[in-house]
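Using this note's numbering, the letters of the sequence shown map in sequence onto residues 181 to 961.
Source of the hints: derived by calculation from the structure; they are not laboratory data.
Misleading hints may appear alongside valid ones.
Cut-off 27 Å, straight-line C-alpha distance, at most; resulting in silico cross-link-like pairs (DSSO-like, lysine-lysine) [claimed, not checked]:
1. K386 - K415
2. K207 - K319
3. K310 - K343
4. K807 - K336
5. K216 - K319
6. K587 - K602
7. K782 - K925
8. K319 - K343
9. K689 - K646
10. K753 - K718
11. K577 - K540
12. K261 - K311
13. K332 - K455
14. K718 - K807
15. K281 - K639
16. K455 - K440
17. K679 - K587
18. K800 - K744
19. K501 - K440
20. K953 - K925
21. K584 - K645
22. K782 - K799
23. K332 - K281
24. K311 - K343
25. K407 - K535
26. K435 - K386
27. K415 - K645
28. K639 - K925
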Amino acid sequence: MANESKTELITIEHFRQFKDQIVFEGKSSDNPTINKLLKNASKKGSGKGFPDFMISLNANSDLLIVIECKADIRKHESENKDKYADYAVDGVLLYSDSLSKEFDILSIAISGDNERNLRVSHFLQLKNEKKVTQVFGDKLLSIDDYLNGYLKSPEKFRQDYNKLQQFTKLLNDTLHSYKVLESQRSLLISCILIALEYRPFREGYKHYDNSRDLANYLVDTVVNSLKTANIQGDKLENLGIQFSFIRTDTSLSTKQNILKNLIKDIDENINQFIKTHEYFDVLGQLYVEFLRYANSDKGLGIVLTPPHITELFSELAQVNKNSIVYDNCTGTGGFLISAMKKMIEDAKGEDEIIKNIKSKQLIGVEYQSHIFALAVSNMYIHQDGKTNIINGSCFDKEIIERVKLLKPTAGFLNPPYKADKKNDIEEFEFILNNLECLTDGGISISIIPMSCALATKGKMYELKKKLLEKHTLEAVLSMPDDLFIDSDVGTVTCVMVFKAHKPHPKNKKTFFGYFKNDGYEKRRKGRIDMEGKWPLIKETWINAFINRDNVDNLSINIEVSAIKEWCPEAYLKTDFSQIQNNNFIGNLKEYCIYLFNNGLSKEISINSINNENINLNNKKCDYFEVKKFFDIYSGGDKPKPDDAKHWGGELINSVENQTTNNGIKEKIEFSEQDKIFENFISVVSIGEGGKAFFQPERSACFTRVKGLVPKSEYFEKFNKYIFLYFCTLLDLERYRYGYGRVLSKDRLGETILYIPIDDNGEPDWNFMENYIKSLSYSSSL
């Protein structure tokens, strides 16, 4: 018979070897906080309850390890994890839920009464979070492995990053109150972080009582540290100039303890984050926060790439220890830091290879001196990598030749986005510049405005042709619309992947990925991966890209030329197999509410017209273009109130660019009869692009709205049920349109809908009508 005391003994013996690192407690605790949290944690539902063992770590008071043992491996885990008294996993997660109000909890469930058949499960639940993540595998580990795994876990990174963001906001407010300029705040932080790398400064700054002396000591320490790191000549002089404001800033150099307290706070909150989470572009994130409300760099088109996207670039390029990476628009160095991380991981601890990676295999060019200083600082903080950061223009011939000699194999860039359409350099020119410097077959990955991908005329179109004449377009990936919201920039972007110096082959298929949903959510603190969805989403994206998978609603491989749109939205196949009754019912309900609110119906009933149960998925369907059935009209400018077009006009609905009230803004008098229709579909063309409404009354469409009027040969086929069926199908195509890709007349006409057909392959109008009549709310239409 299984004996639980044997399981407990195995547990005790395992952790006994780490007795100098831990406080080991069983079924009770001397910690009053723990006792308070467990006073209602009984596995039987009421009263106090204690796990079999609890472990506090001497090195980290935030983490508490909780252990529950069962002798019988059949009692390891129940199906629903709700049999707390009987199963190890169920019980330990109950305690975790209570204790996570004050601690990060590592729960360990152990079952089995001998080491040969021991079952072990680990779970991590962070403080004040409900989410529980299984971690670490099925073996008991050392305390160091548990601590390091916890500190490096995605969950802990997310928690620490959120704290960093909160601190950054407070720091920004503090520096604002000290009247430190927004453009200088990141330089100040980078200067302090570099100085904190030098032990004498880290230990000695606390003893400075004179603020000016401390300011001079800070800048002198940094200049000497950079000189020691083999930064010489103009580069060193430029860095010294960038940091020199600290010596004379009124608040930093004259007011008592302000600089000292800043250094202390930055050491505790930022420096510790960097030490725990290596190779993360902290200065880039600080720069984004500090300039969020400043206009100084918006005109220069500077948009810093979020860290999870810089990491994605390295994954897509399959960067390894032998790669040489070049960023010709370096910014704060985010791409290079992410590449460094990936390359060092691949080096697997080989010191000589790691040394070469940092000193020879990372190349950057940055035009602006103050951002160049941040890039060098960032690389220094991450232990080198600053040797080949160049201050200058990437279009300078000498710089191009210098970079070519280093033979980069991968290029990453987020070029400045054009603010001045006439005078600014085109984004594609930066991509061509990056590709020029790469070795044959090298991979260049860039993130640029979607408008570049859509160009079919003018200079951008000519540059698209030039790119395909010299290089291969391997992939285009649509990015989330709000990706740069933390930089207070609304540009819709895409990622382009090119292979250098290999002209685009005829009949070559390019991979297009609709990578809009990265799992991040907009919150007051910015875009955050609240639910920890990104790692799995990233894996899905990378697998689809590497394997060139065709996945409905996600990815497709298509032959393209320069005249074509380079964006997934133009080519993806909608997965109509996923369409459900609820898609249609939602539209019917919305339309019924509009009728009721506008006095066009007396009540809203959930009832259907008929009680048939019609299975949409069993019906044979085929693909038809929208323009087969409809003439398409673009809404013109709405006349101003005093315009003669209103005089003596008919009272009609004004259909405008909105998604409420069936798209109707108001009623107006309007006299242009050729622009007034009834019984048609209106479609929003920008913003909420693709949202479709059935318009039964006399109406006119205005700016940013398209009208779909049935062609004469189909006019009698359309009634309100058919119109509403088509509206739902059109709604399924909305992902193709938005601010990045406006719904034009041609795009709408070429939109393909999946329509039920009869035995002759023609649209089955009776089926569509009967189907709508079978749905809830149809009796109120």
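Practice task
Could you grab the alpha-carbon distance between K332 and K455 and see if it respects the 27 Å cut-off?
Solution key: 11 Å, holds
Exercise for the section: Below or equal to 27 Å on CA atoms is what counts here, so check K800 against K744. Expected result: 32 Å, violated
Exercise for the section: Could you grab the alpha-carbon distance between K261 and K311 and see if it respects the 27 Å cut-off? Expected result: Roughly 14 Å between the alpha carbons, so the hint for K261 and K311 holds.
Handout entry: Straight-line alpha-carbon gap K407 to K535, limit 27 Å
Key = 18 Å, holds
Practice task
Mind checking the alpha carbons of K953 and K925 for me, to see if they're no more than 27 Å apart?
Solution key: Violated, at roughly 31 Å.
Practice task
Would you mind confirming whether the straight-line C-alpha gap from K501 to K440 stays at or under 27 Å?
Solution key: 40 Å, violated
Practice task
Decide if the proposed pair is consistent with the structure: K782 and K799, CA atoms, cutoff 27 Å inclusive.
Solution key: Status violated; Cα separation ~34 Å.
Exercise for the section: Below or equal to 27 Å on CA atoms is what counts here, so check K319 against K343. Expected result: Answer violated: K319 to K343 is near 31 Å, above 27 Å.
Exercise for the section: Decide if the proposed pair is consistent with the structure: K455 and K440, CA atoms, cutoff 27 Å inclusive. Expected result: 21 Å, holds
Problem - K577 paired with K540 [C-alpha distance capped at 27 Å] - result: The hint holds at about 21 Å.
Problem - Given hint K807 paired with K718 - CA-CA distance at most 27 Å - result: 37 Å, violated
Practice task
Compare the distance between the alpha carbons of K807 and K336 with 27 Å, and conclude whether the hinted pair is satisfied.
Solution key: 53 Å, violated
The structure shown violates the earlier hints numbered 1, 4, 5, 6, 7, 8, 14, 15, 18, 19, 20, 22 and 27.
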